[in-house]
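Mapping of the sequence shown onto the UniProt record's numbering: position 124 corresponds to residue 124, and the numbering continues sequentially without gaps.
Treat the hints loosely; a few may be bogus.
Simulated pairs of lysine-lysine, DSSO-like, Cα-Cα distance not exceeding 27 Å [stated by the list, open to error]:
id, residue 1, residue 2
1, K40, K28
2, K28, K60
3, K60, K18
4, K40, K60
5, K18, K28
Since the hints were made in silico from the structure, they are not lab data.
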Amino acid sequence: MISVTDWLTILTMAYWHKQGTNAEGATKNYTSQYEDFANKLAADLPQEMREQFQQRAIAKRIQLERTGLTHELIQRRQVEQGNFESTIANSSTRAQSYWGDNVNYQLEVGSAQQQIAEYGKAHGWTPGTGNRTTK
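With the hints as extra help, turn the sequences into a complete structure.
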C-alpha cells in the first residue's frame with residue numbers, strides 16, 4: 001500500500017506539471033484526492049491511532065494546499081505577464097504600420113498607454129511610471 005508521504009509526492013508532482021491556465025483550480029482537485037486517500041487510510045486504523053493520524057493528515061493537506069495555491073498564483077502571473085507583453089508588442093507593430101497616419105498612430109499609442117496603466121494598477125505599479133511601488 002502507498003504511504004501518505006508517497007501520495008503527497010505524487011499529487012505535488014502532478015500539479016507542478018500543470019502550467020499556465022491549466023494550473024487554475026488544480027489545487028482543489030488534488031487536495032480532494034488527498035483527503036479521500038487519507039480518509040480511507042484512517043478508516044482502516046485502530047481508534048487509538050486514528051486521531052493522531054488525522055491530525056497529521058490535516059497538517060499535510062494544509063501544506064499541500066498552500067504549495068498548490070502558490071503554484072497557481074505563480075502560473076496565473078506568468079500568463080498575465082505573457083499576455084501583457086504580447087499585447088504591447090502587437091500594439092507596437094500596429095503603431096509602426098500607421099507611419100504617416102498620425103490619427104491612427106495616436107489612437108494606437110493611447111490604447112497601449114491605457115493597457116500599460118491598467119496592467120500596472122492591477123500589479124501595484126506607481127501610476128504614470130510603469131514601475132512597481134516599493135514598500
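Tested hints:
no.	hint	result
1	K40 with K28	holds, 18 Å
2	K28 with K60	holds, 14 Å
3	K60 with K18	holds, 20 Å
4	K40 with K60	holds, 15 Å
5	K18 with K28	holds, 13 Å
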